[in-house]
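A.B. asks: Each chain, written out:
2 protein chains.
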Amino acid sequence: MANVSIREVGPRDGLQNEDPVPASDKVRLLDALSRTGVRRIEAVSFVHPRAIPQMADADEVWAAATKAPGVRYSALVPNSRGARRALAAGFTEIEVVVSASDTHNRKNLNRSTAESLEDISALIDEVHRAGGTVEVIVATSFGCPYEGDVDPRRVATIVDRVLADGADRVAFGDTTGMATPRRVTELLGVVSRKAPILLHFHNTRGTGLANILTALELGISEFDASIGGLGGCPYAPGASGNVATEEVVHMLHDMGVETGIDLDALLEAAELAERIVGRTLPSGVLRAGPRTRLVAAS
Amino acid sequence: MANVSIREVGPRDGLQNEDPVPASDKVRLLDALSRTGVRRIEAVSFVHPRAIPQMADADEVWAAATKAPGVRYSALVPNSRGARRALAAGFTEIEVVVSASDTHNRKNLNRSTAESLEDISALIDEVHRAGGTVEVIVATSFGCPYEGDVDPRRVATIVDRVLADGADRVAFGDTTGMATPRRVTELLGVVSRKAPILLHFHNTRGTGLANILTALELGISEFDASIGGLGGCPYAPGASGNVATEEVVHMLHDMGVETGIDLDALLEAAELAERIVGRTLPSGVLRAGPRTRLVAAS
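Residue numbers (full-length UniProt numbering), protein chains in the order written: chain A, 1 to 298; chain B, 1 to 298.
Note that these hints are calculated values from the structure, not bench results.
Since the structure is predicted, the reported quantities are computational estimates derived from the model, not experimental observations.
Incorrect hints may have been included.
Heads up, the list lumps identical chains together, so a pair's fine if it works in one copy or across two of them.
Once the Cα atoms are required to be at most 25 Å apart in a straight line, the calculated SDA-like pairs of lysine to any residue come out as [what the hints assert, rightly or not]: (1) Lys-67 with Leu-263; (2) Lys-67 with Gly-238; (3) Lys-67 with Asn-108; (4) Lys-107 with Ala-297; (5) Lys-107 with Thr-292; (6) Lys-67 with Arg-35; (7) Lys-107 with Ser-298; (8) Lys-107 with Ala-296; (9) Lys-67 with Asp-254; (10) Lys-107 with Leu-294; (11) Lys-107 with Val-295; (12) Lys-107 with Pro-290; (13) Lys-194 with Arg-72; (14) Lys-107 with Arg-85; (15) Lys-107 with Arg-293.
Just chain A, with the same shape it has in the complex (with noise of 0.2 Å):
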């Protein structure tokens, strides 16, 4: 394994579940990521100010946020009115969300799995014709909070069927943190891999790291992770949510994974992180440093 593709998600679902935070201290956040070499970045999502309002500034961050060469930028959208504005916003990396467990998809947006398919295969449609592409994340894809278990069967039909709708990419969600290295080996070993397959972990029971390392032995290259561990658990006030890019990045380099990341300018950026949300980050690497960084002796 010579190389992985991390794609930072910190501005948009690390934001998105803190309190909520100025247009500015986004940009500044997204412009920090964007120096650290990173190649991709979930920049914002365009969702109804309402249901979530620490995205509501989405047009006013991303229009002021530097466009980095060589960064691939994409927002969430949970519908096709979400997808125009991003189009308009001018994105092409389009990425869309469906749960594999109907009470989570309901709990979410509110309507069954199976009509939150369809709507996305309409979403697909659109967006290619405006010239995009269109990421879909199942998410629940390692168990449901309300549910429990998750067949991975179901995450497969749910694969092959957005797959045949023309899905560009596919990724799945840990949405709570229910991944474990058993559910990736048991998920990796049904969901069809035609397209690119990304994994979204958390580090919410401790796992996140132990997931990508068996990942990585199943040959899968793309993850999400979110700087400094931005972003909580909605299920479980305290607890930790995305895994840390630091942390992902300082395994994997460790491991001779190169990740075009440099270590020094996340940790930066996490400092920001930090800064901006006023609160302390579940990353360890933030806190104790990279394992190189030594100590004086005397």
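Using the hints, position chain B against chain A.
C.D. replies: Relative to the frame of chain A, chain B by itself:
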């Protein structure tokens, strides 16, 4: 892999790196842990009270603690004097530590690694004559906070020496959380497996469970873990120390690996540990609950 043996080190390694707590609380924690089904507990250390005031009451704690049938209790000692105290208190499983890196050994034990190895040779003989067994813990096996990377061949040489001197078991200490899957693989590739091997990981940089997963795949089945993740990192204020027992058990049980431990009882002990030290411990499974704990949908 059907079975893993976890040694709970919270009462010793954990509490030694926290502010001092009363002997009665230590006894309560030991007794709670003895009821979890865990089969091994590192109970106390017999060290000079000026060096480690947290363990000054080891005799009192051990005398008052319930000795559960089916649980193997061990004591850590820095030298032969400590070993004699441990044997006199009724321990038969003695642990002694030496650092693979000279700088850390001098900081920790005020002598060179070579001098410690001489002392350990004599200690092993003395403990064996008294009917006990000795585990030699090789600290800084995965890196030294002062010297950086530690050559695995240096660790292997130390292991060969202590096995030649009669050590009954060997443990490898990830003293400041510098272990990574790569370092685990490299070390296990060169050290002797003539005696039982135990691995002691920290989660300082998020790699705790990834390291355990790597070691499992390489045939290791004995691990240290600390209730709640008790015990910090002395070199990085606020950073995590030992990997949390409930996170290890949670991942292993999900994989179908048996530990003999009741996770619910373990979480009760973790809550007790939090009350005793009066701070939020870093365990994700303690914070968020096991992945099997569902949220009401309505």
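A.B. asks: If a hint holds in the structure, say so; if it does not, say that too.
C.D. replies: Outcome of the hint check:
{"no.": "1", "hint": "Lys-67 with Leu-263", "in the structure": "within (21 Å within a copy, 48 Å between copies)"}
{"no.": "2", "hint": "Lys-67 with Gly-238", "in the structure": "neither (33 Å within a copy, 36 Å between copies)"}
{"no.": "3", "hint": "Lys-67 with Asn-108", "in the structure": "neither (30 Å within a copy, 51 Å between copies)"}
{"no.": "4", "hint": "Lys-107 with Ala-297", "in the structure": "between (54 Å within a copy, 8 Å between copies)"}
{"no.": "5", "hint": "Lys-107 with Thr-292", "in the structure": "between (44 Å within a copy, 19 Å between copies)"}
{"no.": "6", "hint": "Lys-67 with Arg-35", "in the structure": "within (10 Å within a copy, 58 Å between copies)"}
{"no.": "7", "hint": "Lys-107 with Ser-298", "in the structure": "between (57 Å within a copy, 9 Å between copies)"}
{"no.": "8", "hint": "Lys-107 with Ala-296", "in the structure": "between (52 Å within a copy, 12 Å between copies)"}
{"no.": "9", "hint": "Lys-67 with Asp-254", "in the structure": "neither (30 Å within a copy, 43 Å between copies)"}
{"no.": "10", "hint": "Lys-107 with Leu-294", "in the structure": "between (47 Å within a copy, 15 Å between copies)"}
{"no.": "11", "hint": "Lys-107 with Val-295", "in the structure": "between (49 Å within a copy, 12 Å between copies)"}
{"no.": "12", "hint": "Lys-107 with Pro-290", "in the structure": "between (39 Å within a copy, 22 Å between copies)"}
{"no.": "13", "hint": "Lys-194 with Arg-72", "in the structure": "within (22 Å within a copy, 52 Å between copies)"}
{"no.": "14", "hint": "Lys-107 with Arg-85", "in the structure": "within (23 Å within a copy, 61 Å between copies)"}
{"no.": "15", "hint": "Lys-107 with Arg-293", "in the structure": "between (44 Å within a copy, 18 Å between copies)"}
Of the numbered hints listed earlier, those contradicted by the structure are 2, 3, 9.
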